[in-house]
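Spelled out, the chains give:
Protein chains: 2
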Amino acid sequence: MKQSELFTKTVRENPKDEQSINAKLLIRGGFIDKLTRGVYSYLPMGLKVIKKIENIIRQEMNRIGGQEVLLPALHPKENWEKTGRWNVEEMFKLKGRDKREYSLGWTHEEIFTPLLQKFVSSYKDLPVFTYQIQDKFRDELRAKSGLLRGIEFLMKDMYSFHADEKDLDNFYEKVKQAYFQIFKRCGLEKETFLTYASGGTFSKYSHEFQTITSYGEDIIYLCDKCNLGINKEIIKEVKNSCPQCGNKDLRQMKSIEVGNIFKLKDKYSAPFNFKFKGKDGKEELVLMGCYGIGLGRLMGAVVEIHNDENGIIWTDEVYPFKVHILSLEEESSVKKEAEKLYAELKDKGIETLYDDRDKSAGEKFADADLIGIPYRIVVSRKTLESKSVEIKKRDESNAKLVNLQDILNYVR
Amino acid sequence: MKQSELFTKTVRENPKDEQSINAKLLIRGGFIDKLTRGVYSYLPMGLKVIKKIENIIRQEMNRIGGQEVLLPALHPKENWEKTGRWNVEEMFKLKGRDKREYSLGWTHEEIFTPLLQKFVSSYKDLPVFTYQIQDKFRDELRAKSGLLRGIEFLMKDMYSFHADEKDLDNFYEKVKQAYFQIFKRCGLEKETFLTYASGGTFSKYSHEFQTITSYGEDIIYLCDKCNLGINKEIIKEVKNSCPQCGNKDLRQMKSIEVGNIFKLKDKYSAPFNFKFKGKDGKEELVLMGCYGIGLGRLMGAVVEIHNDENGIIWTDEVYPFKVHILSLEEESSVKKEAEKLYAELKDKGIETLYDDRDKSAGEKFADADLIGIPYRIVVSRKTLESKSVEIKKRDESNAKLVNLQDILNYVR
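So the protein sequences, as listed, match chains A and B.
Each residue of the first sequence is one higher than the last, beginning at 14 in the numbering used here.
Each residue of the second sequence is one higher than the last, beginning at 14 in the numbering used here.
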C-alpha cells in the first residue's frame with residue numbers, strides 16, 4: 014500500500030488520556046483509535062495486525078481439531094438463568110422493544126452447551142472441539158490499560174466436550190501445547206509462562222498463560238528452576254513454594270494474562286442436563302473444558318514487550334506490513350526505482366508499505382520507527398549510485414547496502 | 014473435512030418455528046442454529062459460506078480503493094445525540110455500571126464521521142473510502158424471515174468522504190458497479206435489480222439492490238424495458254412510470270433488499286462540523302456517501318433463489334465445500350480409493366467434504382442434496398470397476414462417469 018493513500022497519520026505527542034505503552038504507541042502509530050473508555054477501533058494497520066494474530070490462532074486451533082463457528086453476542090436471559098449467572102456484575106443487560114431481556118456475551122458456556130446438546134447424544138459423537146473468534150463485552154470498571162483490558166474486545170474461545178476425564182485431560186494438554194505455539198509465533202515465547210491459578214469449583218488449579226511486563230495488572234511468582242508461574246491469588250495456598258518442583262526461591266513479577274484454560278467438567282453440562290449415552294447404554298453428563306485468548310490483549314502484549322524509545326518493533330509473524338520502503342528524494346529517478354521495487358515485492362506477495370509521501374527524510378525515518386514494520390528499505394540517490402538499497406531490520410541497529418537484485422533473499 | 018468429524022447433523026423435518034425457505038434449509042442442513050428470534054449462530058459449514066461471501070465483498074471493496082477497519086459495536090450516547098438519532102426506536106440502549114449510557118450500533122455514521130475528522134483536514138486528504146465487516150444490532154419487531162431480517166446481523170458498511178459533489182458522484186457509480194459484481198459473483202445476477210427508493214433529506218432517490226424472491230418483504234415495480242426497479246414507496250411519486258425510460262408497463266414483484274447506497278452529502282458532517290480546507294483556503298463541509306450489504310441476508314437470499322425440493326444448491330463462488338465425496342460401501346477397497354481421492358483433492362487445495370460415515374447410500378444422497386455442495390463425487394464398487402467415479406453437479410440432473418485420472422479437470 015502507498016502510504017500517501019493510507020487515511021491514518023502518525024502523531025508525535027502521546028495521547029493525554031492513556032497511561033499504557035501499548036495504547037500510546039498504537040494510537041500514535043495510527044493502529045487504533047479510542048472511541049470511549051475501554052472501547053477501541055482498529056484502523057487499517059491495526060486490523061492487519063489483528064488478522065495476523067487471528068490467523069495464527071485459527072491455524073493452531075484447527076491443527077488440534079477445532080471446528081470454527083460464530084455465535085451471537087446477544088443472549089436471551091433464559092440461558093443465563095439456567096446456570097445462575099444472570100446476575101454477574103460485569104455482564105451488560107438490555108431490554109428489547111418486545112420487553113424481553115438480553116445480555117451481551119462476555120463468555121459463551123451458556124450458548125455453546127445447549128447448542129452442542131442438539132447434536133451430541135452418544136459417545137460416538139464425542140469428543141467435539143469447537144471455537145469462535147468473536148466480539149465480547151464486559152462492563153469493566155478497571156479498563157485503563159489500552160488493549161490489555163477492554164470493555165468490548167475480540168476473543169477466541171474454545172469449548173471441548175468429552176465422554177470421560179481421561180479424554181478431557183489429554184485434550185487439555187494438547188491445548189496447552191497449542192497455546193505455547195501461539196505465543197511463540199507472536200513473539201512472546203521468552204516472556205510467557207504457564208501459571209497455576211485458582212481452580213474454581215472442580216479443579217485444584219486452573220492454568221493461565223502470563224506474560225511478564227511491567228504494565229501488567231497481575232502479580233505472579235516465577236520459579237526459576239522449572240519455569241512455572243504461580244498466581245499471587247494462590248501463593249499462600251501453595252505455601253510460598255513451587256507446586257511443581259518444590260523450589261522456594263520465587264521471583265515476584267508483574268504480568269498480563271494472555272490466555273487461560275479451565276477444566277469445567279460438568280459445571281455447565283449439569284444445569285443444561287447435557288447427557289450422552291455411553292458404550293454401556295448408561296446416560297452420563299458430558300465433560301467440558303474451555304480455553305480463551307484475547308486477540309486485542311495479545312496485540313497489546315506484543316507491543317508492551319517489543320518496543321523501544323522510538324516506537325513499536327513488530328515480530329516475525331505479527332505485523333501490519335512486512336516491508337516498509339522509504340524513497341528519500343523527490344527526484345524522479347529515485348521515485349521510479351522505489352515504485353519498481355514496490356511493484357516487484359507486491360507481485361511476490363510480500364506485504365509492503367511504500368512511503369511515497371512528500372515528507373522530509375527525518376519525518377519518514379521517525380514514522381518508520383514508530384510504526385515498527387520489520388524490514389525498512391531506504392531507496393535514495395546515494396544507494397542507487399551503487400545499484401543498491403539500504404536494508405535495516407527494525408530490531409537491529411545497523412543497516413546494510415544490498416544490491417537491488419538480492420533484495421528478495423533478505424526480506425522473503 | 015471428514016463428515017464423520019463434523020459435529021453438526023442434518024435434520025429431516027422442517028423446524029416448526031420458521032416460515033422462510035432459507036431458515037428451514039439452512040437449519041436442516043446444519044449451517045445455522047437459531048438462538049432466539051432474529052439471532053442465529055453460524056455453525057462450521059455456515060461460517061464457511063459466510064467467509065466466502067465476506068471475501069468476495071472484501072475483494073470488490075478493496076478493488077475500488079476501500080480501506081478496511083473494524084469499529085466497535087458499543088457506542089457512547091454522546092455520538093448519537095450529536096446527530097439527533099439517540100431516540101431511534103430500533104436502537105438497543107444499555108447502561109454501564111459507571112452510569113454511562115451506550116447504544117449498540119445498527120449503522121456507523123456517528124462513529125466513522127468523527128473518526129475520519131481526526132485525520133482529514135485538507136483537500137489533499139480526500140477522498141477516503143473506508144469500510145468494515147462487522148456485527149450489527151437492531152431491535153427489530155419484524156424478525157421472522159431467517160437470515161433475511163435479523164436482530165443481530167453481519168454487515169459490510171462503507172463510508173466515503175469527498176471534497177466535492179462530482180467526486181462523490183463518480184465514486185457512487187463505482188460502488189454501483191462493485192455491488193453488481195458482488196451480486197453476480199454470489200449467483201444473484203439475474204434476480205437482482207438496481208431500484209430507486211426514497212432519497213431522504215438530500216437526494217431525490219437513493220438506490221437499493223433488490224433481489225426478486227417470493228419470500229421477499231419488499232415490493233418493487235420492475236421495468237422490463239430498462240431493467241430498473243422502483244420501490245413501492247415511491248411509485249406514486251414517479252406517477253407509475255419508470256423514472257429512467259418512461260415505460261408505464263411495470264411488473265409488481267416481491268423482493269428482498271440485498272444492498273443499499275446513499276448519498277449522505279453533509280447530513281452527518283454538518284452536526285460534527287467536519288470541515289476541510291479547500292484549494293482556495295476556504296473551509297468546507299466534507300461530503301459523504303454510505304453503502305451497505307448484509308452478509309447473512311445475502312447468504313439467505315442465495316438460498317431463497319437457489320434451491321429445489323431436495324435442498325440447497327450453492328453457487329460457483331458461494332459454498333461450504335466445493336466437492337462432496339460419497340463413498341457408498343463399507344468395503345475397504347472402496348473406502349481406500351475414496352480416502353485417496355479425498356487426500357488428493359485436499360492436497361490440490363480443493364475444499365472437500367468426504368462422507369465417510371457408516372450410513373446407507375440413500376441417506377448419503379439425501380444429505381448431499383440437502384447440503385447442496387456444487388460437485389458430488391460418488392465412489393462405489395461399480396464405478397471403480399471401470400476405474401471411475403460418478404460426478405454430478407448439484408444443479409444438473411445427469412451424472413457422468415469420469416476416469417479417476419481426469420477428476421481434477423472437472424472440479425477445478
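To be clear, the hints were calculated from the coordinates, so they are not data collected in a lab.
Some clues are possibly wrong.
Repeated chains share a single entry, so a pair holds when one copy, or any two copies, can fit it.
Claimed, not checked - The list that follows gives simulated cross-link-like pairs (lysine to aspartate or glutamate, DMTMM-like), each with its CA atoms no further than 20 Å apart:
| id | residue 1 | residue 2 |
| --- | --- | --- |
| 1 | 406 | 293 |
| 2 | 15 | 408 |
| 3 | 179 | 26 |
| 4 | 359 | 81 |
| 5 | 400 | 111 |
| 6 | 47 | 148 |
| 7 | 353 | 138 |
| 8 | 131 | 30 |
| 9 | 261 | 111 |
| 10 | 106 | 148 |
| 11 | 203 | 250 |
| 12 | 267 | 382 |
| 13 | 15 | 73 |
| 14 | 64 | 148 |
| 15 | 203 | 398 |
| 16 | 335 | 231 |
| 17 | 95 | 148 |
Everything numeric in this text was worked out from a predicted model, so none of it was measured.
Homo-oligomer pair classification [residue 111, residue 261; C-alpha up to 20 Å]: neither (59 Å within a copy, 42 Å between copies)
Homo-oligomer pair classification [residue 81, residue 359; C-alpha up to 20 Å]: Between. Shortest inter-copy distance 18 Å satisfies the 20 Å Cα cut-off; intra-copy 31 Å does not.
Same-copy or cross-copy closeness of residue 15 to residue 73 [CA-CA at most 20 Å]: Close across copies (19 Å), not inside one copy (32 Å); limit 20 Å.
20 Å Cα threshold - placement of residue 30 relative to residue 131: Answer is between: at 16 Å across copies they meet the 20 Å cutoff, but 47 Å inside does not.
Status of residue 148 relative to residue 47 across identical chains (alpha carbons, at most 20 Å): Intra 16 Å, inter 19 Å, cutoff 20 Å: intra and inter.
Up to 20 Å CA-CA - residue 26 versus residue 179, copy category: neither (55 Å within a copy, 36 Å between copies)
Homo-oligomer pair classification [residue 138, residue 353; C-alpha up to 20 Å]: neither (56 Å within a copy, 25 Å between copies)
Homomeric proximity label, residue 203 with residue 398: Cα distance no greater than 20 Å: neither (42 Å within a copy, 58 Å between copies)
Within, between, both or neither, where residue 64 and residue 148 count as close if Cα-Cα is 20 Å or less: Answer is both; intra-copy 14 Å and inter-copy 16 Å each pass.
Copy assignment of residue 400 with residue 111, given that the CA separation must stay at most 20 Å: Neither. Shortest intra-copy (71 Å) and inter-copy (61 Å) distances fail the 20 Å Cα cut-off.
Homomeric proximity label, residue 203 with residue 250: Cα distance no greater than 20 Å: neither (27 Å within a copy, 69 Å between copies)
Identical-chain pair category, residue 95 with residue 148, by Cα at 20 Å: So residue 95 and residue 148 fail the 20 Å test inside a copy (23 Å) and across (26 Å) alike.
Figure legend: structure checked against the earlier numbered hints; hints not met, in rising order: 1, 2, 3, 5, 7, 9, 11, 12, 15, 16, 17.
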